[in-house]
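*Asks:* The primary structure of each chain is shown beneath.
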Amino acid sequence: MARVVNVAIGSLSALIGLALVAGGVVFVFRREVDPVTAAMIGGLALAVFEAGAIVVRLRQVRAVGSGTFGERVLVLAGVELGAIGVALLVAPASHPSAGAVVVGSAGLVVLATLVGAQVARS
Amino acid sequence: MTSRVVSPRLAGYLTLAVGLMAAGVVSGRGALIALGAPFGLAAIVATSLRPADAFAAASVDRPSVDVGDEVTVSIDVTGRPGQVVEAAVVVPVGTSAPDGNTRRFRLDRDGRRVELVAIRTEGRGASRLGLGVIRVADPLGLVAFDRLIAATSVVRVRPVADPVRTAVEPKRLQVASGTHPARNAGIGTEFAGLRAYQPGDRARDVSWRASARRDQLLVTQRHPERGADVVVFVDTFAADGLEQTIRAGLAVTRLQLAERDRVGLIAFGGSIRTVRPGSGRRQYELIAEALVDVKPVFSWADKEIHGIPPRILPPASTILAVTPLIDERALGAVIDLRRRRHEIGVLEVSPETWVPPPDPSDPAAVVARRLWSMQRAMRRARLAEVGVPVVEWRDGDALELVLRRLAALRRGWGRWLAS
Numbered sequence: 000m001a002r003v004v005n006v007a008i009g010s011l012s013a014l015i016g017l018a019l020v021a022g023g024v025v026f027v028f029r030r031e032v033d034p035v036t037a038a039m040i041g042g043l044a045l046a047v048f049e050a051g052a053i054v055v056r057l058r059q060v061r062a063v064g065s066g067t068f069g070e071r072v073l074v075l076a077g078v079e080l081g082a083i084g085v086a087l088l089v090a091p092a093s094h095p096s097a098g099a100v101v102v103g104s105a106g107l108v109v110l111a112t113l114v115g116a117q118v119a120r121s
Numbered sequence: 000m001t002s003r004v005v006s007p008r009l010a011g012y013l014t015l016a017v018g019l020m021a022a023g024v025v026s027g028r029g030a031l032i033a034l035g036a037p038f039g040l041a042a043i044v045a046t047s048l049r050p051a052d053a054f055a056a057a058s059v060d061r062p063s064v065d066v067g068d069e070v071t072v073s074i075d076v077t078g079r080p081g082q083v084v085e086a087a088v089v090v091p092v093g094t095s096a097p098d099g100n101t102r103r104f105r106l107d108r109d110g111r112r113v114e115l116v117a118i119r120t121e122g123r124g125a126s127r128l129g130l131g132v133i134r135v136a137d138p139l140g141l142v143a144f145d146r147l148i149a150a151t152s153v154v155r156v157r158p159v160a161d162p163v164r165t166a167v168e169p170k171r172l173q174v175a176s177g178t179h180p181a182r183n184a185g186i187g188t189e190f191a192g193l194r195a196y197q198p199g200d201r202a203r204d205v206s207w208r209a210s211a212r213r214d215q216l217l218v219t220q221r222h223p224e225r226g227a228d229v230v231v232f233v234d235t236f237a238a239d240g241l242e243q244t245i246r247a248g249l250a251v252t253r254l255q256l257a258e259r260d261r262v263g264l265i266a267f268g269g270s271i272r273t274v275r276p277g278s279g280r281r282q283y284e285l286i287a288e289a290l291v292d293v294k295p296v297f298s299w300a301d302k303e304i305h306g307i308p309p310r311i312l313p314p315a316s317t318i319l320a321v322t323p324l325i326d327e328r329a330l331g332a333v334i335d336l337r338r339r340r341h342e343i344g345v346l347e348v349s350p351e352t353w354v355p356p357p358d359p360s361d362p363a364a365v366v367a368r369r370l371w372s373m374q375r376a377m378r379r380a381r382l383a384e385v386g387v388p389v390v391e392w393r394d395g396d397a398l399e400l401v402l403r404r405l406a407a408l409r410r411g412w413g414r415w416l417a418s
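Residue numbers (numbering that gives the first Met the number 0), protein chains in the order written: chain A, 0 to 121; chain B, 0 to 418.
The hints are simulated quantities; they were obtained by calculation from the structure and are not laboratory data.
Keep in mind it's a predicted model, so treat the numbers as computed, not measured.
Heads up, a few of these hints could be off.
[What the hints assert, rightly or not] Listed below are several chain B residues computed to face chain A (Cβ distance under 8 angstroms; list not exhaustive):
1) R8
2) L15
3) R28
4) G29
5) A41
6) L139
7) A143
8) L405
[As the list claims (entries may be wrong)] Simulated restraints on C-beta separations:
9) D107(B) - S10(A): 22 to 30 angstroms
10) R58(A) - P359(B): 47 to 55 angstroms
11) R58(A) - R275(B): 49 to 57 angstroms
12) M0(A) - I43(B): 31 to 39 angstroms
[Unchecked claim] Here are some, though not all, of the chain A residues that point toward chain B, as calculated from beta-carbon distances under 10 angstroms:
13) L11
14) M39
15) Q59
Even for Gly, the Cβ is constructed at its ideal location relative to N, Cα and C.
Chain A on its own, in the form it takes in the complex (with noise of 0.2 angstroms):
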């Protein structure tokens, strides 16, 4: 049974992360989306691949010591702004749009998630 829940987490958290990538493409290819919007919807899609297997390994490994997953979360983030900074570099006369800005709010509540989650392990 937490065999089953674990593979349906994972699958979930990949159908989400791919439709994010998929919906990535199409907004670049019908709206024009400036590079820094881009690569915050390439960072959300990292955050929710993340999300699923950070949530599989803590029902995998249930004794958890303090602390650990919040270097992972750490991480993750560094990679998601250094993104960003990569999408700046590409585009540096580009600004960041409206939906830049949430799609950037939806990634910082996944990780928010993350932490929380961690938080109440620890």
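Dock chain B against the given chain A, drawing on the hints supplied.
*Replies:* Coordinates of chain B only, in the frame set by chain A:
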């Protein structure tokens, strides 16, 4: 041995990053490159922050425990200071890990950490504890290294004796002191009778009250307390009911040792295991340890009591056989022991408990069950013919009550011993 484990996510991230960046270059849209950038960065971080190797060894706090006790497995991990390590130990059959068998922790500043995993024993036998693996991974968990835990320990889980109070009262005693009053008179505590004073009698044995009444010096005679040799015969031919059999055998062992008897063991089955009679706490440990490894071994060999060394079966020893009376060879051994004039009683671990009742609508099954019951009754009758009392012990009955029934039956043993 170290093995590298790469998460399938890493391949997925690389595919997405390369695909999106290629699409961006081909289409000339920088946004696609930005879309794939997080995945590319994650893959770079994962491959650049390679985890350092770590080593682990396991040890247990006790090499031998009773069923139901907990063993603490210590996993000593050394590696890079601050490194995050996951450890998982194997929970063998017959044990459980109440707090889980996995740990995730960070190594201390000296690059070392000892984690404790409690393992609860639930069944008799020898278990190898400490087997497992430690895993060190990069911060995103995309690349990891698994290493087997180096040292492991074998823990022997001993059976637990049922609580009983009614000891076997052997009729034939040895010369060693014990707690059973002998029939003859001598130095002891239990009153045996009075006789006229004779030169050489101790003054402290003079019964002054009786002497005053009879107007002659009388001395009190007492029964000396002697020890006995008790051999516990455990039938290990059948797998069903074996645990019940072993628990009963160990219970009798403990009680008779407390009575200061010498107790030995014969585990009689496909393989024969014996413990020479002895006394004291050490003897209990020896017998409990011997019972740890007892298991039913299938064999067509004609097992007989002739193969038992004489030192295991001292003359005039009392034997308590715990058997389900299923295997003809065990029955033959008990009869053979009786014919060698050993005092013997049989505690029959009833197989009725684990054999389901027949389907009333199936006449063949009903007849088969009746035949089986008749066969068992016939075996009991064969034992009765040679003077061996048998009491049936159904699972759920208190062993104490069964031993009391056996003690009541044994009051007639003297008749058979004289025959």
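*Asks:* For each hint, tell me whether it holds in the structure or not.
*Replies:* Here is how each hint holds up against the structure:
1. R8: holds (6 angstroms)
2. L15: holds (6 angstroms)
3. R28: holds (6 angstroms)
4. G29: With a minimum Cβ separation of about 4 angstroms from chain A (threshold 8 angstroms), the hint on G29(B) holds.
5. A41: holds (5 angstroms)
6. L139: holds (6 angstroms)
7. A143: Result: violated, 11 angstroms to nearest chain A Cβ.
8. L405: Violated, because the Cβ-Cβ distance from L405(B) to chain A comes to roughly 48 angstroms (cut-off 8 angstroms).
9. D107(B) - S10(A): 22 to 30 angstroms: Because 38 angstroms falls outside the window, the suggested range is violated.
10. R58(A) - P359(B): 47 to 55 angstroms: holds (49 angstroms)
11. R58(A) - R275(B): 49 to 57 angstroms: holds (54 angstroms)
12. M0(A) - I43(B): 31 to 39 angstroms: holds (37 angstroms)
13. L11: Violated - the Cβ of L11(A) stays beyond 10 angstroms from chain B, reaching only about 15 angstroms at its closest.
14. M39: holds (9 angstroms)
15. Q59: holds (7 angstroms)
Of the numbered hints listed earlier, those contradicted by the structure are 7, 8, 9 and 13.
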